[in-house]
Amino acid sequence: MTDNQYEYMSALMDSELEQQPVNAENLNALVRNDDMRTRWQHYHLIGAMLRNEAKTAMPMDISAAVAEQVAAEPVIIAPKHGLLRKAQLKSWLKPAANIAIAASVALVTVLGVTQYQRVDDGSMVATEQSSRGFQPALQTVPLGVVGNPLSYNASQAQPTAAQESLSAQQQARLQSQVQAFMVDHQLQLQWHTPMTISEQVKPAEKEIHPENEEPLKPRPQ
Amino acid sequence: MSRYIVGVIVAFGLNAFVPNIAQALQGQTNSFITEQIEQQQALARASAEGEQWFKRMQEALNSLNYRASFIAMQPSGLQAYRWLHSVTPAGNHIEVIEGLNGPHNQAIRINSQVTYLSSVSDAYSVLSNTLSSPILSGLYGEYSAISHAYNVVAVGGDRVVDRDAQHLRIIPHARDRYLYSVWVDRETGLLLGVNTYLPSGDIVEQVLLTSIHVQAEPLTELEQLEQQWDNLPTNQGPVATPATATKWQFGWLPPGFRLERQQRVRVAMNGPVAEHFMFSDGMAKFSVYISEGNDQVVPVQYENLMSMVSVKHNNYAVTAVGKIPLKIAQQVTAAVRLTP
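For the protein sequence lines, the chains are F and E, in the order given. All the letters of the first sequence, read from the start, carry residue numbers 1 to 221 under my numbering. All the letters of the second sequence, read from the start, carry residue numbers 1 to 340 under my numbering.
To be clear, the hints were calculated from the coordinates, so they are not data collected in a lab. All residues carry an ideal CB built from backbone N, CA and C; glycine is no exception. Careful: at least some of the hints might be erroneous.
[Stated by the list, open to error] The calculated label-pair distances, taken between Cβ atoms and stated as ranges, are:
id, chain 1, residue 1, chain 2, residue 2, range
1, E, 104, F, 13, 53 to 59 Å
2, F, 173, E, 102, 25 to 31 Å
3, F, 173, E, 200, 29 to 35 Å
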């Protein structure tokens, strides 16, 4: 990049352009060049620092993080069970997309009732931070919530007294298990088509009621 | 002339009092029996009336052209929805329920194809007669689908959303599960509100219509939707993974619950591979997952509007989850056995 261009940018920032016109060509050169973009940000940052406007806790550059996140975003999320194309199924199974899946599933099933209370004991915060600010919309009640009528407690294997001493890792594991089964149940509810039932299953009553399925009516012309 | 009218009224009034007087004159034992009989008769009348209202509601929900909005109060908070339904001249039943908060998401049902559209994920379709929403699918269905497990009782009039409403209570035969209250618009037969109660009587979920509009002709937006039917994502068809395991025995199931389907699934969010069973009593539904030979599932219990219990038996784990009281989930999971 030429000094000329830096000068141009500087002048543009300060609204002091006299010699060079603001035209598409010049602006294009500015926007399309990584070096110029970085410099543009630095100039602004310097200016903000000088004017005492910058807050140190503020994320300095969101655009890169956003671009990165968009690139990492899973393509889709929805029930498996052969309802999707194979490529989508692949992304569904991709372990890295786990957290994003949790969030998207919640959105898919928001018409249902998969929404959980959130109790802020700090345990979720760590998860959110470690997932690049992607906040799961679906959260379960963590362990050891005292006095909550909607109790959540580990059964047999985990005696009640030991609840509060569960590590964050164990808590996270329990939460994701509860989430997974609840999300799956929601997805199963969307799908009402009765299927063949094995004869050998022995529930109290074996009677099956197909839900008076009516064939698709002719499509309008 | 006026004296004659008064006479008629008096006679009428006396008539109404006669049974009461007669009852008061009877001995105590007799009056107790009479009361019992009268109560039973009253209950039978209320049940018959309840059945009529339920059928009328089911008919109205499936045949009228309506545009409504409702709010749903759940443990997580309030959500608002728009709800449209029409039967088009071509004879197609089109229903849309759309969440009004947060990212756009929509469920569209055209006859028995339901498409879920969302601004944050790809659309997909499934075969189903009802779309999944806070409005319980049991309310759309036939009366006979719930009557084996519930009594529908007409309990009187009420005013809901400034409409003259009929209050119905849907009371389970077995008092181990949720109860429901339903309000039906006396003029149109449409649903005005649904409450879900714990067996103890505490309310856990509430759906209330906030506006309702019924018209003779189909809604234009739904007719437009019908035109775009071909653009909706096509159904990939439920590829039935045949149920592989026939070795599971449910030692206990809450009375009235029936197996709706069984299949092999991989549980969402990279969960374990499991045998899945869906049980329903017409109103409530719950899933049971059984996974073998892995330690992915740890014992846990969760109680809320939706409860969940995971237990470990010898070398398999059983999980029950659904909008049921925790106790049912506990008993079901504890009684699952491997057939010898």
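Hint by hint, here is what the structure shows:
| no. | hint | result |
| --- | --- | --- |
| 1 | E:104 / F:13: 53 to 59 Å | violated, 38 Å |
| 2 | F:173 / E:102: 25 to 31 Å | holds, 28 Å |
| 3 | F:173 / E:200: 29 to 35 Å | holds, 32 Å |
In terms of the numbered hints stated before, the structure departs from hint 1 and from no other.
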